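**Q** Okay, here's what each chain looks like letter by letter:
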Amino acid sequence: MDEMEGTIKKFLYLNRRAPYGTIYALESLEVVLIGAAFDQDVSLAFIDDGVYELKKNQDTTKAEMKNFSPTYRALEGYDVEKLYVDKASLEARGLTEEDLIVPVQVLDAAQMTQLMEQQDVVLSF
Amino acid sequence: MKFGILVSEGPYQHQASDSAYQFTKAALEKGHEIFRVFFYHDGVNNGTRLTVPPQDDRHIVNRWSELAKKYNLDLVLCIAAAQRRGMLDENEAKRQGKDANNIAPGFRISGLGQLVEAGIQSERLVVFGD
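Those protein sequences? They're chains A and B, same order as listed. In terms of this note's numbering, the first sequence is residues 1 to 125. In terms of this note's numbering, the second sequence is residues 1 to 130.
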């Protein structure tokens, strides 16, 4: 662990899938929570159906799935505060920032590209 | 170059695990270092020794084990993903009160911190997934 001390890399977790239907979104969130212990520079981006992960008022009762969306509100407590949402993905799904469970920054495609270019590590889920 | 590898799809189901193996093998043969191969999501199924493919097909699990032995590779299965999918090593089987374990030689079970560490320590983290 000594070797890692002082090494701070820019980690981007790219969330591309709907929260239920596959396990990618939940298992992505698990990496973010564990990764928070490593004091890295962490960002999360939500594109395509990934924007649904942040939708308010998720009710999974009838699907018999665990509603893990409240966990996104807890990210702030882990010092994970940089959340980015792709503008076109949001609009294509009839959503606005008001529909999301946490504050985010909405980026257009060029800004999203720029964000990805700045990263050291991009984990795409 | 020092690479970290993330495999996030299962064997026989998806090209990602084959591509990850081919990439890892090629990198090692070219003299590059592989810091760690981390298996996540259904990727953990790359590490079950109970896999029995048809004889005329490649044996994906054995292939990883052989590569690990030859190059002293660190193959890590995520514990949370593995437990969800019925993958246990000897210690976990005992701890969970199960009557069997199924981890292939060369693999070990550990936490997601090992993935983050691979991201920090490697010059490139290459993701093989969908």
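No lab work stands behind these hints: they were computed from the structure. Check the hints yourself; a few may be wrong.
To be verified - Below 16 Å or equal to it, Euclidean Cα-Cα: the simulated EDC-like pairs (lysine to aspartate or glutamate) are:
id	chain 1	residue 1	chain 2	residue 2
1	A	K82	A	D49
2	A	K9	B	D74
3	A	K10	B	E123
4	A	K55	A	E98
5	B	K2	A	E91
Said to hold, decoys possible - Here's a subset of chain B near chain A, in silico, CB distances under 7 Å, partners left out:
id	residue
6	H41
7	L50
8	L67
9	G113
10	V116
11	G119
12	L125
13	V126
As the list claims (entries may be wrong) - Covered by chain B, per the in silico footprint, the following chain A stretches (three or more residues, Cβ under 8 Å):
id	region
14	23-33
15	81-87
Note that the structure is predicted; figures quoted are calculated from it, not measured. Even for Gly, the Cβ is constructed at its ideal location relative to N, Cα and C.
**Q** Check the hint pairing K2 of chain B with E91 of chain A against an upper bound of 16 Å on the C-alpha distance.
**A** Distance ~40 Å between K2 of chain B and E91 of chain A Cα, so the pair is violated.
**Q** Taking the least C-beta to C-beta distance, is L50 of chain B closer than 7 Å to chain A?
**A** 22 Å, violated
**Q** Can you verify the interface hint for G113 of chain B: is its Cβ closer than 7 Å to any Cβ in chain A?
**A** Constraint on G113 of chain B satisfied, holds at 6 Å.
**Q** Verify the interface restraint on H41 of chain B: the C-beta must sit less than 7 Å from at least one C-beta of chain A.
**A** 6 Å, holds
**Q** Tell me if the interface restraint on L67 of chain B is satisfied: Cβ within less than 7 Å of some Cβ in chain A.
**A** L67 of chain B check fails; min Cβ-Cβ to chain A is 23 Å, beyond 7 Å.
**Q** Test coverage of the region 23-33 of chain A by chain B using CB-CB distances below 8 Å; three residues minimum.
**A** The restraint on the region 23-33 of chain A holds, since 5 of its residues have a Cβ under 8 Å from chain B and three suffice.
**Q** Under 7 Å, Cβ to Cβ, is where L125 of chain B needs to be relative to chain A, so tell me if that hint holds or is violated.
**A** Holds. Min distance 5 Å.
**Q** Compare the distance between the alpha carbons of K55 of chain A and E98 of chain A with 16 Å, and conclude whether the hinted pair is satisfied.
**A** 9 Å, holds
**Q** When you check the alpha-carbon spacing of K10 of chain A and E123 of chain B, does it fall within 16 Å?
**A** OK: K10 of chain A and E123 of chain B at ~13 Å, within 16 Å.
**Q** Let me know if the C-beta of V116 of chain B comes in closer than 7 Å to any C-beta of chain A, holds or violated.
**A** At about 4 Å, which falls below the 7 Å cut-off, the nearest Cβ of chain A leaves the hint on V116 of chain B intact, so it holds.
**Q** Quick one, are K9 of chain A and D74 of chain B close enough, alpha carbons at most 16 Å?
**A** 22 Å, violated
**Q** With a cut-off of 16 Å on the C-alpha distance, tell me whether K82 of chain A and D49 of chain A pass.
**A** 19 Å, violated
The structure shown violates the earlier hints numbered 1, 2, 5, 7, 8, 13, 15.
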